[in-house]
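**Student:** As they're listed, the protein sequences go chains A and B.
Start counting the first sequence at 1; every next residue gets the next number (the numbering used here).
Start counting the second sequence at 1001; every next residue gets the next number (the numbering used here).
Derived from the structure by calculation, the hints contain no laboratory data.
Take these hints with a grain of salt, some might be off.
Derived lysine-lysine pairs resembling DSBU-like cross-links, with alpha carbons at most 35 Å apart [claimed, not checked]: (1) B:1037 x B:1480; (2) A:311 x B:1402; (3) A:36 x B:1526; (4) B:1263 x B:1278; (5) B:1041 x B:1425; (6) B:1526 x A:455; (7) B:1480 x A:434; (8) A:96 x B:1064; (9) B:1526 x A:480; (10) A:71 x A:95; (11) A:312 x B:1037; (12) B:1526 x A:294; (13) B:1457 x B:1517; (14) A:115 x B:1499.
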Amino acid sequence: MNVFLMYKDRDFNPEQPLPPQAETVVQDLELDTLLKAMARDDTFLLSISKTALLSSLTDVQSIHYRQDVLKDCLNNNSLIRELYGVAFDAIESEKKIYFGLLSKYPDIILSRSIKVLTIFVELLKHLRKIADEHSSDFKSHGFTALFAMLQRELSDEYFNTVQYHLKTLRLRGGVWISARLGEGNKGVHYTLRKPLAKDKNWIRSILGKKPPSFTYTLSERDESGARALSDLRDRGLNASANALAQATDHILSFFSALRSELAFYVGCLNLHETLSGYGAPSCFPLPLGLQERKHLTKELYDVSLALQMDKKISGNTVQAEHIHLVIITGANRGGKSTFLRSIGTAQLMMQCGMFVPAESFTANITDGIFTHFKREEDSSMKSGKLDEELRRMNDILNNVTTNSILLFNESFAATNEREGSEIARQITRALYAKGIKVFFVTHLFDFAESLYREKTDNMLFLRAERQSDTKRTFRILEGKPLQTSFGDDVYAEVFRADTT
Amino acid sequence: MNVTEERAYMSQLTLPRIESASYHSIVYRNSENSIQKERVKSDPVYSDLNLDQIIGSVTSGKEKYLLTSIYYTPLRDIETVIYRQDIFRDFEDKKLLRAVTSFSEEMSTMRRYMHLAETLKYLYHKEGWFLAAVDVYCTAVASLDGDLSHIDLQSEGLRSFREYLQVYTNSSGFQKLLSETENLKEEFSTVEYCVLLKRNGCSVKKYENEIDYSDEVEKIFKKFNQGVEKEYGIKLQKSTGMNYVEAKILELVARLYPGGFSKLDSYYTENTGFADKKIEVFNREVQFYTAYLEYISMVKQVGLNFCYPEVSADKKSIYAEETFDLALAYKVAGKNDSVVCNDFFLKGEERIIVVSGPNQGGKTTFARTFGQLHYLASLGCPVPGRRAGLYLYDRIFTHFEKQENIKNLRGKLQDELVRMNNIFKDANSDSIIIMNEIFTSTTLKDGLFLSREIMKKIIQLDALCVLVTFMDELSLLSRKTVSMVSTVVPENPALRTYKIVRKPADGLAYAQSIAEKYRLTYPLLKERIHS
Chain A
1 MNVFLMYKDR DFNPEQPLPP QAETVVQDLE LDTLLKAMAR DDTFLLSISK
51 TALLSSLTDV QSIHYRQDVL KDCLNNNSLI RELYGVAFDA IESEKKIYFG
101 LLSKYPDIIL SRSIKVLTIF VELLKHLRKI ADEHSSDFKS HGFTALFAML
151 QRELSDEYFN TVQYHLKTLR LRGGVWISAR LGEGNKGVHY TLRKPLAKDK
201 NWIRSILGKK PPSFTYTLSE RDESGARALS DLRDRGLNAS ANALAQATDH
251 ILSFFSALRS ELAFYVGCLN LHETLSGYGA PSCFPLPLGL QERKHLTKEL
301 YDVSLALQMD KKISGNTVQA EHIHLVIITG ANRGGKSTFL RSIGTAQLMM
351 QCGMFVPAES FTANITDGIF THFKREEDSS MKSGKLDEEL RRMNDILNNV
401 TTNSILLFNE SFAATNEREG SEIARQITRA LYAKGIKVFF VTHLFDFAES
451 LYREKTDNML FLRAERQSDT KRTFRILEGK PLQTSFGDDV YAEVFRADTT
Chain B
1001 MNVTEERAYM SQLTLPRIES ASYHSIVYRN SENSIQKERV KSDPVYSDLN
1051 LDQIIGSVTS GKEKYLLTSI YYTPLRDIET VIYRQDIFRD FEDKKLLRAV
1101 TSFSEEMSTM RRYMHLAETL KYLYHKEGWF LAAVDVYCTA VASLDGDLSH
1151 IDLQSEGLRS FREYLQVYTN SSGFQKLLSE TENLKEEFST VEYCVLLKRN
1201 GCSVKKYENE IDYSDEVEKI FKKFNQGVEK EYGIKLQKST GMNYVEAKIL
1251 ELVARLYPGG FSKLDSYYTE NTGFADKKIE VFNREVQFYT AYLEYISMVK
1301 QVGLNFCYPE VSADKKSIYA EETFDLALAY KVAGKNDSVV CNDFFLKGEE
1351 RIIVVSGPNQ GGKTTFARTF GQLHYLASLG CPVPGRRAGL YLYDRIFTHF
1401 EKQENIKNLR GKLQDELVRM NNIFKDANSD SIIIMNEIFT STTLKDGLFL
1451 SREIMKKIIQ LDALCVLVTF MDELSLLSRK TVSMVSTVVP ENPALRTYKI
1501 VRKPADGLAY AQSIAEKYRL TYPLLKERIH S
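Using the sequences and the accompanying hints, generate a full structural model.
**Tutor:** Shown next as structure tokens:
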């Protein structure tokens, strides 16, 4: 039984290895904030959302497949949550029954199997009911196929088989064990002993014997006492509980797959609700082929920043037809990093089939999203900072292809401006020559200005706007690199506050 | 036992509380200077200097001793620094280290058993663990006493502790505890019994050679184990706890063996609080020494030196020879890499070391070393180096670059300035300031302007300072500044020596050669990227 809501023809693997750059990208783009909004404190949603977001699809058809499923989800929000709830309940109730020391007892494993299967039957019926009643509300290939499968495959035969086994697996009667006192006066060396008399006469048989013996009887509804006794009793019965428990596994694995695949869409629904609440725009992006070079955005904003500020924020509009090198310069605190993050985040969201935070968004898909952001001192102490930056650059270049996208944020500033510029220039020129899509935020005036002098139709120069009263507007507009970054404003502001 | 006898006996029990004239604590010389200010762990100095890594590794696995509070409390008085240095010197005798280590292991076992005795619910169960705990305690104390009497101790701290311990072990209270424990252990080793278990109850009697039945039962259920997919067979674990049914059974066993159990009852009530408090505190605090020594022994193995620094609270003339970054050395020690040692000194008016030169030349490491050395010296610990004289500072401030954070909407440059401003609010002439690569997030012009402003403030303070920068102009600002430079091998400029040498800055940086090392130059890149 397959779910196939994430891919047309295969299962989504929640454990799949992420691309090598994934953790770096999460950190640089501050994706934890986005993922948190998708997960809403649910660690399972978090892990699925993260895997899906970072495992980019690299063909346009697969993206449309998920977009269609997601559109169905947005149109049937509460029903999707109900479906997810069914899968969730199945797994959670299974876990709850499994929970605790009780599962150490073979007897309990048997009775547990009965309980689990009883619940599974009810939940599978619920799924079939949803399929029967609502399949006509869904248009995507993903959901249509899933509902058809549920109606076709689900029968009661799993449970009949299991119940047959249950009847045969009972063991009653008292048993003898011997023991000595170990540390803490706890019984040790428990050894099962041959019973001395028939079960039904056990008390009388003891009373008939000469050596002194003492008896303890549990009160009638003392279940934990009975379990404690069966802990001792069942030490020899361990192996027999195995078979029936395995029968539950097949059904369980179906619920797990359903839960994992729906989790991604529930994450999308959560985020969509939050953004709609802000009145912030979102849209389904138009993905273009790998070979194209296009980036058209209208009011594209950094979704993590919006979530951080808990409100709608203004975005940026960029028209980059045939452009594959974008250099961004300008004022400190002018919103350059934010802009860069919005580009990277939207690319990832598009390539996992999500909507994007913009009024409209069109871009070519890529087969690798890489970030190279300036870092805190490397605490593993392997090397100096520039060395560390170049090592990361080297790692990226081991995985880059001509259809990748690279985002640089103040890279190569760990040395002086002249040398940093030279390194940045050589790398950027090489990437440009290969047609790789690059967004580069930089303070290296020498670097930015030298590229500007060679500007071609495939390059775009953007600048963080600064108004004359030193108030930043947080808008990124087309503009050539300027000489200073206005650090003295900030100095005056900080140290004046101290002296007054 | 009549009332008078009982009173006499009880007063014996309290005997172990011995008034020793001199012994107070193994880490604080007297009660006054034990009141020191613990620094908060979030102080950036710990992560910037990698002191958190050092303290983390030193105390790793020893969390129960709560050592971090000692390691996060730099000392301000010279006497206690010397008190600790002397104890460290005694520990150079491996016999002492072995004796203390095995004592601590036994005391841990004792604590674990006592925890069980204190928290468990059922009397006979508690009593069983209690007996085991006392047994381990007696052995531990007696062997430590024996071991210490054969070791030539020089430090004030350890000599007075030894004296304390001798008086304690010879007390009649301790001797009585010892013999009662032996007798009880002997008696309980003979108990063996049988239980008949039903779903609604059980019976207990003495064991009478009944036959082992487990093999037969196993066979009956083996056919259900299909051996495919997940295995549901259970590894039944031994736990130290006891459920009430087990407790009931134990009660019934006690009725089968009434003599032994009633002796155990009185032993348990009469010996509560048997462990001597000062000995327990010694066991915790002495880990401060053993943990640190264990940690640096890894580093000593690769041939690096440690020394006991001369510490002064008024002279700002400082020096260190063949010193190194301890956190780095510890990491490298396991990997057969070598660590480069450096020297430094400041004399007369000199206060500020400006470190410039090629990247990846060990500048940041040097800055960390400087800070670590002072911090470790202020704990009374041996420090990396062959010889050192260090300043007993008031507080260390660090300014290292922080990663950009979306939650901080002020922007990087402003953030940097705000953090610096906070340093100058608290720093004074007794402080040490360490700044690493400042103002790299702005243009060169801005960076120079801002750095000069900051330098002026430090010079005015007269504080000790290390400043790492690629703006080597800063080393010429004042008579208080000294230039140190990371160096390269003359024949091959791409090769760093990691040596930081006291000489004028030469303005050379070697970024391009690193770019080549990583094959990141334009021609190499064009070859690397595949279409």
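**Student:** Would you mind marking each hint as holding or not holding in the structure?
**Tutor:** Cross-check of the supplied hints:
no. : hint            : result
1   : B:1037 x B:1480 : 31 Å, holds
2   : A:311 x B:1402  : 27 Å, holds
3   : A:36 x B:1526   : 40 Å, violated
4   : B:1263 x B:1278 : 29 Å, holds
5   : B:1041 x B:1425 : 20 Å, holds
6   : B:1526 x A:455  : 20 Å, holds
7   : B:1480 x A:434  : 52 Å, violated
8   : A:96 x B:1064   : 33 Å, holds
9   : B:1526 x A:480  : 27 Å, holds
10  : A:71 x A:95     : 32 Å, holds
11  : A:312 x B:1037  : 46 Å, violated
12  : B:1526 x A:294  : 23 Å, holds
13  : B:1457 x B:1517 : 39 Å, violated
14  : A:115 x B:1499  : 70 Å, violated
Checked against the numbered hints above, the structure breaks hints 3, 7, 11, 13, 14 and satisfies the rest.
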